[in-house]
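Novice: Sequence:
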Amino acid sequence: MHVDFALLAIMFAVAMVAGAFDAIAGGGGLLTVPALLLTGMNPVAALGTNKLQGAVSAISSTSAFARRGLIDWKTALPVAGTAAVAGLCGALCASLLSPRVLAALVPVLLIVIALYFGFSKGLKGEDVHPRLTLPVFAFCVTPLIGFYDGIFGPGAGAFYMVAIVTLLGYGALKATAHTKLANAASNLGSLSLFILKGVVVWPIGLAMAAGAFIGAQIGSRLAMRFGARLIRPLLVMMSCAMAVKLLSDPANPLRHAVVGLFGG
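Convert by adding 29 to the 1-based position in the sequence shown; the result is the number in this note's numbering.
By construction, these hints were calculated from the structure, which means they are not laboratory data.
Keep in mind the model is a prediction, meaning the values are calculated, not measured.
Ideal Cβ placement from N, Cα and C applies to all residues, glycine included.
Hints may be right or wrong, so weigh each one.
What the hints assert, rightly or not - With a Cα cut of at most 25 Å, we get these calculated SDA-like pairs of lysine to any residue:
| no. | residue 1 | residue 2 |
| --- | --- | --- |
| 1 | 274 | 162 |
| 2 | 274 | 284 |
| 3 | 274 | 103 |
| 4 | 103 | 166 |
| 5 | 226 | 37 |
| 6 | 226 | 141 |
| 7 | 226 | 92 |
| 8 | 103 | 38 |
| 9 | 226 | 71 |
| 10 | 103 | 163 |
| 11 | 226 | 156 |
| 12 | 103 | 195 |
| 13 | 274 | 148 |
| 14 | 103 | 162 |
| 15 | 226 | 121 |
| 16 | 103 | 122 |
| 17 | 103 | 168 |
| 18 | 274 | 168 |
| 19 | 103 | 37 |
| 20 | 226 | 181 |
| 21 | 103 | 121 |
| 22 | 274 | 125 |
| 23 | 226 | 103 |
| 24 | 226 | 73 |
| 25 | 226 | 67 |
| 26 | 226 | 173 |
| 27 | 226 | 125 |
| 28 | 274 | 223 |
| 29 | 274 | 92 |
| 30 | 103 | 42 |
| 31 | 274 | 42 |
Stated by the list, open to error - Quick list of the computed label-pair ranges, beta carbon to beta carbon:
| no. | residue 1 | residue 2 | range |
| --- | --- | --- | --- |
| 32 | 102 | 282 | 38 to 44 Å |
| 33 | 63 | 33 | 15 to 21 Å |
| 34 | 196 | 140 | 19 to 25 Å |
| 35 | 38 | 165 | 32 to 38 Å |
| 36 | 95 | 225 | 43 to 49 Å |
| 37 | 107 | 227 | 30 to 36 Å |
| 38 | 67 | 225 | 23 to 29 Å |
| 39 | 148 | 279 | 28 to 34 Å |
| 40 | 149 | 72 | 32 to 38 Å |
Given the sequences, and given the hints that come with them, work out the whole structure.
Specialist: Written out as structure tokens, the structure is:
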């Protein structure tokens, strides 16, 4: 494919906007993956290149949150370690699980998450008592989400967020900070396989990574300034948007089931 400065500038700008959304509530892939596909990349190259910019975006926002002392490293490092390994395992197993199954299940989960954050009081500014111990969370819960991130991906940030809020009891801003680190880890795990396979388009990926880095710095600062007042509505909006995006695919089996139920 032909790569010129104009294309790199456009992809830089798209990734910068996506990085800002990702730092606050996730869902930046709604912008970056379609943009990558529009360049003429095949889907595998688009996913691999998207993992590069997504990993850099998450690392950028993590660094911003860490500078503010919002990351408890005793908790974060075990979670990040298991997320990275699980992300790699998910990428290795991507061919074993039909994406159609996940495409049908994930929109339902995202809508449930949107309803949870929209109507419950589960997302607060302060920490509450955890429901699980760190070892159980790090070695039983995190690997499930990390594996999903490696094998499919959309909504992984929302899944990390709801798990950290409900099971570790973290407040909105602290949960967002730890979500970004876990996201970075599982992205890096799956990215390593895409790099080994040679499917990452480096000129576009690096341009997007630079934009994502800047956007994530902006988004993380907005999250730290406004806290739950900004994080909650954006989580609801992005979870709904990801669900609609997945359901809009004509090949989605859940869409066929609904059409068959009401149209047949």
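Novice: None of the hints should be skipped; say for each whether it holds.
Specialist: Hints, one by one, checked against the model:
1. Taking the CA atoms of residue 274 and residue 162, the gap is near 35 Å; set against the 25 Å cutoff, the hint is violated.
2. A hinted pair counts as satisfied when its Cα atoms are at most 25 Å apart, and residue 274 with residue 284 qualifies at roughly 11 Å.
3. For the suggested pair residue 274 and residue 103, the alpha carbons sit about 36 Å apart, so the restraint of at most 25 Å is broken.
4. Between residue 103 and residue 166, the direct Cα distance comes to roughly 13 Å. Compliance with the 25 Å bound is thereby established for this hinted pair.
5. Of the supplied pair hints, the one linking residue 226 and residue 37 holds, its CA atoms being roughly 23 Å apart against a limit of 25 Å.
6. Simply put, residue 226 and residue 141 have alpha-carbon atoms about 35 Å apart, too far for the 25 Å limit, and the pair is violated.
7. A distance of roughly 29 Å separates the Cα atoms of residue 226 and residue 92; the hinted pair therefore is violated under the 25 Å criterion.
8. Taking the CA atoms of residue 103 and residue 38, the gap is near 39 Å; set against the 25 Å cutoff, the hint is violated.
9. Restraint check: the Cα-Cα separation between residue 226 and residue 71 comes to about 14 Å, which is no more than 25 Å; the hinted pair holds.
10. Proximity of residue 103 to residue 163 is assessed by CA-CA distance (about 9 Å); at most 25 Å being required, the pair is judged to hold.
11. Pair hint residue 226 plus residue 156 does not hold up; C-alpha atoms about 42 Å apart against a cutoff of 25 Å.
12. Annotation: proposed proximity of residue 103 to residue 195 holds, straight-line Cα distance about 19 Å (limit 25 Å).
13. In summary, the hint linking residue 274 to residue 148 is supported, as the alpha carbons are separated by about 22 Å, within the 25 Å threshold.
14. Distance restraint check for residue 103 and residue 162: the Cα-Cα separation of roughly 12 Å lies within the 25 Å cut-off, and the hinted pair is therefore satisfied.
15. Under the criterion of a C-alpha separation no larger than 25 Å, the hint pairing residue 226 with residue 121 is consistent with the structure, at around 11 Å.
16. Distance hint between residue 103 and residue 122 is unfulfilled; the C-alpha atoms sit about 30 Å from each other, more than 25 Å.
17. In summary, the hint linking residue 103 to residue 168 is supported, as the alpha carbons are separated by about 14 Å, within the 25 Å threshold.
18. Note on residue 274 and residue 168: the hinted pairing is violated, with a Cα-Cα distance of about 31 Å set against a maximum of 25 Å.
19. The suggested pairing of residue 103 with residue 37 is violated, with an alpha-carbon distance near 39 Å, which exceeds 25 Å.
20. Between residue 226 and residue 181 the alpha-carbon distance is near 17 Å, which keeps this suggested pair within the 25 Å criterion.
21. Restraint check for residue 103 and residue 121: not satisfied, since their Cα atoms lie roughly 28 Å apart, outside the 25 Å limit.
22. At roughly 24 Å between alpha-carbon atoms, residue 274 and residue 125 fall within 25 Å of each other, so this suggested pair holds.
23. Note on residue 226 and residue 103: the hinted pairing is violated, with a Cα-Cα distance of about 33 Å set against a maximum of 25 Å.
24. For the proposed pair residue 226 and residue 73, the alpha carbon gap of about 10 Å is at most 25 Å, so the pair holds.
25. Note on residue 226 and residue 67: the hinted pairing holds, with a Cα-Cα distance of about 22 Å set against a maximum of 25 Å.
26. A C-alpha spacing of about 24 Å is found between residue 226 and residue 173, which places the hinted pair at or below 25 Å, so the restraint holds.
27. Between the alpha carbons of residue 226 and residue 125 the distance comes to roughly 17 Å, so the proposed pair stays at or under 25 Å and holds.
28. For the hint linking residue 274 to residue 223, the alpha-carbon distance of about 24 Å falls within 25 Å, and the restraint holds.
29. Proposed proximity of residue 274 and residue 92 is contradicted: the alpha carbons are some 30 Å apart, above 25 Å.
30. Between the alpha carbons of residue 103 and residue 42 the distance comes to roughly 35 Å, so the proposed pair goes past 25 Å and is violated.
31. At most 25 Å may separate the alpha-carbon atoms for a hinted pair to count; residue 274 and residue 42 meet this at roughly 21 Å.
32. For residue 102 and residue 282, the hinted distance range of 38 to 44 Å is satisfied, since their beta carbons lie about 42 Å from each other.
33. Look at residue 63 against residue 33: about 20 Å separates their beta carbons, and that is inside 15 to 21 Å.
34. Taking 19 to 25 Å as the suggested C-beta distance range, the pair residue 196 and residue 140 conforms, at roughly 20 Å.
35. Checked against the hint of 32 to 38 Å, the C-beta distance between residue 38 and residue 165 comes to roughly 47 Å, which is inconsistent with it.
36. For the pair residue 95 and residue 225, the supplied restraint of 43 to 49 Å is violated, since their beta-carbon distance comes to about 29 Å.
37. At about 32 Å, the beta-carbon gap between residue 107 and residue 227 stays in the expected band of 30 to 36 Å.
38. In this structure, residue 67 and residue 225 meet the distance hint of 23 to 29 Å, their C-beta atoms being roughly 26 Å apart.
39. Our hint of 28 to 34 Å for residue 148 and residue 279 holds, since their Cβ atoms are close to 31 Å apart.
40. Evaluation of the 32 to 38 Å hint for residue 149 and residue 72 yields a pass: the beta carbon distance comes to about 36 Å.
The earlier numbered hints that this structure contradicts are 1, 3, 6, 7, 8, 11, 16, 18, 19, 21, 23, 29, 30, 35 and 36.
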